[in-house]
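Using the UniProt record's numbering, you'd call the opening residue of the sequence shown number 1 and step up by one each time.
A couple of the hints might just be wrong.
[Said to hold, decoys possible] Distance ranges between label pairs, derived from CB positions:
#1 G332 / Q487: 14 to 24 Å
#2 G56 / P77: 31 to 41 Å
#3 G56 / R120: 38 to 48 Å
It is worth saying that the hints were derived from the structure and are not from the lab.
Glycine included, each C-beta is placed from N, C-alpha and C at the ideal position.
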Amino acid sequence: MARFPEPAFTLHELPMPPGAITYLSQSNAVPEGIERILVRSYIDELESQLHSVQEGLVLLQLRQEKLRETIQSYKAPLSPVRRLPPEILGLIFSFVTPKPNSSRGFSMCSAPWLFTRVCRFWSAVALSTPALWSRLDLHLDGMGENGAIPLAQLQIQRSQNMPLTVIICHSSYMWLDSHLLLDVALSASERWAVADIHMHPILLQEMAKGFQFQSLTALDISVDLSVDDRFDRVSKFDDAFWSAFSLAPKLRDLRALSSDWDGFINPPFVLPWAQLTRLTTSSTSNTEALTVLGKLSNVTECMLVFAESNTLPPDHHIVRLLHLCTLSLQTGSLVVRPHTSILDFLETPSLTSLAVYGAGDADAVISFVTRSDCANSLTSLQLRSSTINHDTALCLTEKLSCLTCLELGDFDGTLLSRSSTMSRVPAIPDFVRAFIDQWLNKRKVVTDLPPLNLLITDKRLGYLEVGQLTSMLSPLRKTGLVVTISQTVDIPDIISEPFLC
């Protein structure tokens, strides 16, 4: 057993003072002559020993640190993490989410590359765990920096046969040789399971060159149309590009959007629509959006945004979506024109959540709910139009008994009467009072009526009025009704919201 050298100092006994001066520490006497010499001599002896003790303390502190280091080094082999089986350690590694690659290269300081630099055991575990390498995060800007191509090839090799999650982003308008790195990712296209892609159509054309996507289940693609480029190139890439996914037998989730409101992807009709269960996409008109809905026989969650609302033919057939649970419809304007609502041609008996942003008014929603017979399943309703009609809105809410979330706007100055707005403390608006009475009466009949969060928006309200009304309505919380008054017409932008998990 290793021995440590003893500290090189001796701790002596405290020296006793000469008897002739002992009385001085217990009195106020002034030493003179020989007494002064004896006192100074005794002080020197004490200070010498103090210095020796201080040197000894330094040695002891060094010994203390050495002992701690040695103890820690021998405790390490007893650490529970060393007894973990490699497969358990690999599973723990898999829970570490890689940081988004914002440096245009592969970071050796983040997972999974970091695991190979800790110790030999960790490196061996990381290299033998293919799932760690199954997320490929590629930024095509500056693709030659940091050896991106060989590192991407190495990561694909280490992932072995695991399904791949592929994130590809290209934010620059300089193409250079970016397609070389894209080709590396596409070399394993048959193993793509989830793909999140943001690129310009020029690069997207690379994906239409005969690659197979047999394992693809989720595709989130945002086409960058913001470049001042010739848009005729977009129409040229559409058919060939989307046909690459037309034979994806496992594709279920699709989010396909342009990057802004100035350009829209025309619905790609060559996709296997019938097998999709989740869809978010854009189109140039509600007519195209309705055509897409007619192809989604198994969809459960759908978000559609379109730029224009055309007059729909009254004899258009009803589209029945038996499995649809969540539906969001958004147009570029909140102004609802008559005979333009997609809702007039839909039937969704399983619907639980509905969001309508300018794609229909309260009358259209009432007709839609009645036709679909989903009043008892709908738990969330968000209705945004240019102006909410009070009576129609009350007729709508009377039909819905299972709502837990209701958002109505914009009342556009009609929520408070002129006399109320002129008074110092506004009265509870007639619509709100009528809605409260309606809900409380319903609560008496329906014993298991769920609590309800109600948000009412009127952009012409002042900050003071909003605060006063909110305060006046706060006691209703005890009954299960939470009423919030707002002046901000909050319309989510489906284009910018994430869809895939």
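Hint check:
1. G332 / Q487: 14 to 24 Å: At 22 Å between Cβs, range holds.
2. G56 / P77: 31 to 41 Å: holds, 33 Å
3. G56 / R120: 38 to 48 Å: This hint holds: roughly 42 Å between Cβ atoms.
This entry satisfies every hint, going by the numbered hints stated previously.
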